[in-house]
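Taken in order, these protein sequences are the chains called B and H. Residues in the first sequence are numbered from -5 upward in steps of one, following the numbering used here. Residues in the second sequence are numbered from 6 upward in steps of one, following the numbering used here.
What the hints contain is simulated information worked out from the structure, not anything from laboratory work. Fair warning: this is a prediction, and the values are worked out from it, not measured in the lab. It is possible that some hints are incorrect.
Per the computed footprint, the stretches of chain B lying under chain H, defined by three or more beta-carbons under 8 Å from a beta-carbon of chain H, are [to be verified]:
1. -2 to 7
2. 13 to 27
3. 51 to 59
4. 91 to 101
5. 181 to 190
Heads up, the beta-carbon is just placed ideally off N, CA and C, and yes, glycines get one too.
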Amino acid sequence: MHIPDGYLGPQTYGSLFVITVPFIIRAYNFLKKNLKRSQIPMLALGSAFSFVIMMFNIPIPGGTTGHAVGGVLLSILLGPWATSIIISIVLIIQALIFGDGGITAIGANCFNMAIIMPFTGYYVYKILKGNRPLSSKRGILSAGIGAYVGLNMSALFTAIELGIQPLIAKDINGNPLYCPYSLSTTIPAMMMEHLLLFGFIEGIITMLVISYLIKSKIIKEWEYA
Amino acid sequence: MRKLWIIILIMIILSPLGIILPEIFKAGSAWGEWGPDELKELVGFIPQGMEKLSSLGKPIFPDYNLKIWENGDLFYQCIGYIISGFIGVGILILITYILGKILSKKEDNG
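Could you put the whole structure together from the sequences, leaning on the hints where they help?
Here you go:
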C-alpha cells in the first residue's frame, strides 16, 4: 500500500499533500491541547509497533505480498488524532530512510494510511461497540471489524489514486505517464487481496493485541480522543 | 510497559520472516509497488513520467537492507533487515519523545 515515486502524477500527489497537511496540523494542535506527558511512552511504543508490524510481509503464494499497519489498533488505544501523527511519522521515516513508499507520495500515503485508515476504523469501532466497554466481547470484535474496514478503505483509496492516473496523465502517444493500470484493474487487484486476506490479518492482530493488553492488565480502558 | 518493549524487541528479531516467507512462497512485491524494471516486465514499457520520478529517493537503507548487502544472499538480507528494524525503531522513539515533550503539558505527571 506504500505508493512509490513515479506511480502518481503531480496533480494527484500535489492535491493529496494539500489535503493531508492541514489535517496533520489539526492533529498537532489537538495533541498540543490534550497530550499528557505520561502518554508519551505509549506514542513511542505505538510508532515502534506500527513500524515493525509493517516489516512482516505476508505472501500470497505465487503472487504479491501485503502487511498489517496497526492503524486502527492505535486509534482505539491512543485516539485517531494521535494515530494520524504517529503513522505519518512512521511513513515519512520509511520513505526517506528505507525507500518504502515514495517521497513525492508521502502526502498520498499519509492520507491513505494515517488519515483514512485510523478515522474510518475508529468510527466503525465506536458505532459497533455502542456503549459497551472495549474489554467486552462486543468491544473486541468491534475493534477487529473496525481494523478490517479501516485497512480496506485505505486500500480502496490507494487503488483509486493509482487507477485514475491513466485517465489524467498521458504522453503524446497516448501512453500513460505514471501508473499504467486503470481503475478496472487497480480496484479488483487491491480489493481482492485486502478483502480476502490482509484485512482479516489486520483484524486478528488488532483483536489479539487488545485482548493481550486487557488480560495482562497493562491497559485499563482509557480513551482521550 | 517494559514487557511491551520486550515484545517489540522480539518482533524485530523475528522480522526477517517478512522476507523469508515471501521468498519461500514465491511472492513478489506488494501490488503497485514494483520498481520500474519489474513494471516493464509486466506491461512492456516504463511510463515516461515514472522513469523521471522513480529515481528521486536516495534511501540510506534501501528495502530495509544495508547498501553493501544489496545483492547479498538471504542470510545477509535478514541481518540487514534486523539492523534496519532497530534503526527505524530507534529513530521513531527519538522523534516521538522529542515531539511529545514539545506538545505535552508539564503540570500533569499521572
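We went through each hint and held it up to the structure:
no., hint, result
1, -2 to 7, "holds (count 5)"
2, 13 to 27, "holds (count 3)"
3, 51 to 59, "holds (count 9)"
4, 91 to 101, "holds (count 7)"
5, 181 to 190, "holds (count 3)"
Violated hints: none; the structure is consistent with every hint.
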